[in-house]
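Each chain, letter by letter, is given below.
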Amino acid sequence: MSEQFPALLITVPLISAFFITALGWRSAKPAYPIALLALASALFSSMGLFGEVLKHGKVSYRLGGWPPPFGIEYAVDALNAFVLVVISFVALINLIAAKRKVDGSFSGKSPAFYALYVMFVSGLLGITVTGDVFNLYVLLEITALTGYALIGMGDKHAPLAGFNYLIMGTIGASFYLLGVGYLYLATGSLNMGNLSEIIPTIQSKQTIIFAFIFCLLGLFIKMALFPLHNWLPNAYSYSPPAASGLIAPLTTKVMIYVMIRLVYSVFTPAFSFGHPILPTVFIWLAIIAIVMGSLLALAQKNLLKILSYIIVAEVGYMVGGFWLGNSDGMTGAILHIANDALMTLCLFLVAGNFIFVLKNDRLESFKGLIHKMPLTMAAFIIGALSIIGVPPTCGFFSKWYLIKGGIEAGQYGFVAALLFSSLVNVILFFKIIEITYFEPETKDGHSLHHHVAIPREEAPLSMLIPLAITTLLLIGVGLYSKEIVTGIIQHVLPTI
Amino acid sequence: MEEITALLVSRYNYWAFIVLMMVGLYGMIAKNNLVKKIIGMNIFQTAIILFYVSIGAKKDATIPIIEHGHHGEEVVIKAVDYINPLPHVLMLTAIVVSVATLGVALALAIRVYRQYNTLEENEIKSQLSEE
Amino acid sequence: MEGIESIRPLLAVAVSILAVPLIMLSSRKPNLREGWTFLAAGLKFLIVLSLLPLILDGGSYTLTIVQVLPGLGIKLRVDSFGILFALVSSSLWIVTSAYSIGYMRGLKEHSQTRYFCFFALSLSATIGVAFSANLLTLYLFYEMLSLATYPLVTHHQDAEARKSGRKYLAYIVGSSIGLVLPAMLAIYYLTGTLDFSYQGLFTGTESPLVILLLLLLMIFGFAKAGIMPFHSWLPAAMVAPTPVSALLHAVAVVKVGVFCIVRVVTGVFGVQFLQTLQLGTVLCYIAAFTIITASLIALAQDNLKARLAFSTVGQLSYIVLGVALLSPLGITGGMLHIAMHAFGKITLFFCAGAIFVATGFKNISQLNGIGRKMPFTMGAFFVGSMSVIGVPPGGGFISKWFLVLGTIESDQWIMLVVLLVSSILNAAYFLPIVYRAFFHPPGETGISTGMEEAPSFCLIPLMFTAFCSIVLLFFPQPFYSLAEQSVRMITQGW
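Chains as they are written, first to last, in our numbering: chain L, 1 to 496; chain D, 1 to 131; chain G, 1 to 494.
Don't take each hint at face value.
[What the hints assert, rightly or not] Mimicking DSSO-like on lysine-lysine, the simulated pairs with C-alpha atoms at most 27 Å apart in a straight line are:
(1) L:K372 <-> L:K359
(2) G:K108 <-> G:K163
(3) L:K205 <-> D:K59
(4) L:K156 <-> D:K125
(5) L:K156 <-> D:K59
Just so you know, these hints were derived from the structure itself, not from any lab. In this text the structure is predicted, and so the values were computed from the model without any measurement.
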């Protein structure tokens, strides 16, 4: 059983998607339990795989029994096992919280929603486990296509946002495919492990550099690195809340993972960081992304838009941290994949609760919310603190590594950008907290002593419990940063 | 000048797909109509498919089917005589992906049309700014 | 010297956090709710007290709560300086709790449960800062305190509170993230450790310019210390209810700021190290500038709490100055001033609050003849101002005495002049209030004759702290020996 985990991980959700659709013709009822079971099994498999990897080291699985480099290999080491756990956990938690939102917004189409949902998750899991660069492209597109559809299921502006995302996403994926083409042209192989053995032996690096640039360009579009971020804010903020809680925390983070994987296991760190200009260019792109993401977030009037631009900035954190090229920066970037996924999940769940109760996410409608939804607000504050980077929430510790890496590499621009973004986040979140906390201004300013009692109107329990778990994890993961760093991340860091 | 001509002629397949790609990219980014964008997208994807196909092709080579494979005789197989089948097989998958993308894109375009009663991007934008 | 591993420091920190759910649950029964506050405050004080004997014997307690990063944990360590501060704040919490009840109920304030919850949380953070063993832990509790006090500062939830709250956060959180965090990381990068050590963490190979930069980042970064130009949150934060101003802005929050500065100067940079680089003088001038300017601004304030606030800004820099002198007597004076000023200033704030509760007056110009109506309050006010000015019978005399000796010891004659000028200015902005209260005839403000004191929950605490101020002049014992012991450790190394 346990040696089949890599395959089960992908196939169970994928097959369950077909079941959901097939049964969905007759009845919408079984859709949710099947999806829940599928994702629970994915979480189980990824935990099992994680334990396996920690005990015995790298796990290699041959799809259909063909040995690499001819067949497709699923290769799992500590890094992707870790990412797998994050993905399946976030997906499951958000699915639990999504139930009521789905029931409320698209009752008739719920099987379609759940089928897309599990397919999206299996796509992400597949991207993470695969050890084959072309297979990666296919899974990338499975994820992307289901993602477009999920976003398109929203109302009003969602289809247009989904359409724009589709255009940009397709450009990104095609660039990646082009890069893979060059790679194949130069090496004749598609297997990651095999590629990393061949690439150092190639004398003329011209083609490899083209491949490298095209692959990364494609990924930068997919991860919404500024200025290629245009599709993201609309796509994430107009999508149905049930879907944005899945797409927003995971997509960009998985793309970061793919970037790291390509550098570690395909192009080799020696080649990637050895290039005289590119790493510096990437760091500067990241700096611009952080600064611009933060500034644009300041200009927004909707919570989801703010969160979307924060994601744009956070992508800069990870890209920049990774390309610093020292162990602290990479540790920070990898740690931030998990931390940012949790933080974003927490805040999107909060936004989902707000929308569930208020029916919109405009900041001006948040007045008195701290009395109306105290529990959700408590989660919001902890999530906000984590994004700002206040200890002991997990956001602090990844920022710690990122800044330390920046100092070590002498990239003070990056350090300054991180601090700047933290300060902007303080403004952003306290602006929101202020709105929820203070009285609507009265002209005489003296309505102090007879406060109007605002009735409680919390989100249902099925949305609060996942939120509570996520919020507690923000602190829990923060306190266990050392275990994650020494137990997982330091094993996968390459020696440069 | 001669060098450039030589480069253009000897690598004409690459130039063809670069031109196609640019046409597609232009369509996706510059066209106002959503359906034209979709067409651009398809041209773009096709360019990449052609690129792969031309990677596998070789001069004076035939399809990779071994004719005498079943007779049990000793046959020397020269890889040079056969075109590389792998890129072509990969492109079967890529074609499927691009068809699926096309489907989703058209579906979204229909929903966009229902929402705004138009497929022209500038008209949609003016509707959005009116809100 | 390794300390004794003990859970008690953590208990001292946590006891008020544990009280928070209890306070919340009993929100409908005010008496029970305040009972929890008292219980937590009492327990906290007793726990701190129980740590005292060993510390006085030269020992210390340590506890690693959790190892968050490789080689870096959230760690507590109780030493003589830490416990000095912990004693001051935990003892004053009890008094302030009593006063809060009188004040909050007297004015029928809203959201009292929230108020007591965050008050308890703030105290946890304060003790956490006092007992931090390394800079990371210090930073953690420092941030926790900033956030826990925000709802207290903005308690009234009106437009003015919103404005002040913004200013408060912008200065406090902005400076800690923008200045302290990078400085901390740079120190960690340069030295590989953040654990406090009186020998200093630096090896001496770093360029003096970098050290100066880090020092300045730290000094200004701990904006709670109110060093100019990072002081203007303090007067703004006076919109808070008076007990908050009293405990947090005369004692806990601002003292946390200077405590952090003293800790960093002595425990991260090291006194001897700074002496060899001669960086103390820079600090001296920064502090001196704040002392004089703040006193001058205080003179011009009519709002009583605003005047007290600017007085606090000036007095805080006394402590910074004491440490910046880098001489044993100066540091003793600075540390003692933490305690002495706390008792004096809290008395003054309590008085301001009592006047507000009894009469609704906020401005000094309204106080003509109020001494006849509220003789006990104004008597206490007199004692408090004596202490802050630094003349007997106030305990502030002792700390100022040491500060003056410190300036002589380190040959900083200009600083001596600064201290004396500042004392005159202190007298100039406090004594007229007392004079006005007792000797001016009641004006048209319509103060009725006859005694009309604030509720006894307000009155007893302020009488008590005034009494303590006097007692500390004659028996400065626990504080003096703790300060002396810390200085001995600083001069000899750990």
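task: Check each numbered hint from earlier against the structure, then list the numbers of those it violates in ascending order.
output: 5
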